[in-house]
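Asks: Chain order of the listed sequences is V and A.
Read in order, the letters of the first sequence are residues 844 to 924 in the numbering used here.
Read in order, the letters of the second sequence are residues 844 to 924 in the numbering used here.
It is worth saying that the hints were derived from the structure and are not from the lab.
Hints should not be assumed to be uniformly reliable.
If several chains are the same, the list does not tell them apart, and a pair holds so long as it fits within one copy or across any two.
Unchecked claim - Keeping only pairs whose Cα atoms sit at most 25 Å apart, straight-line, the calculated DSS-like set for lysine-lysine is: (1) 845 <-> 862; (2) 862 <-> 907; (3) 907 <-> 845; (4) 907 <-> 853; (5) 907 <-> 883.
So you can see what is in the structure, the chains are spelled out below.
2 protein chains.
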Amino acid sequence: MKALIHVTLKPDVLDPQGKAIGAACGSLGYEGIRDVRQGKLFEVELDAADEAAARPLLAELADKLLSNPVIEDYEIVSIEV
Amino acid sequence: MKALIHVTLKPDVLDPQGKAIGAACGSLGYEGIRDVRQGKLFEVELDAADEAAARPLLAELADKLLSNPVIEDYEIVSIEV
């Protein structure tokens, strides 16, 4: 079973890395790029009976290990058998 | 217009960060996690007339600035007006 988890900074947390990329876009001549925010992406392969069993495990993993809940949000984007 | 871009290591490139997370899962008692691979996620806000205009700009941006094409693949996951 394969799952995809997004971890992004909460909307009100500053993202200097994204800002730097946005500024680089401007100086490299890419017009029209207004804002860039960077997040993390995790592809997790796991053994679970079904999606209903996998989801709580993935949620705990994302909350405890993959994200910092003070400044980041996570989303379980997909779970594929 | 808002776009989401995934940047992941090519399948044959080692991912020590993902391996470390996978090992941490084991030592924290999360059974059943077989493998973890970490990638990057970019949320890009841009001005473009439509999706057809945005896609080549985003592809160039992803290829030139957001990813290292030697070791990474990118995917434009979504473009929303």
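Asks: Quick one: which hint numbers does this structure break? Sort them smallest to largest.
Replies: Violated hints: none at all, because every hint is consistent with the structure.
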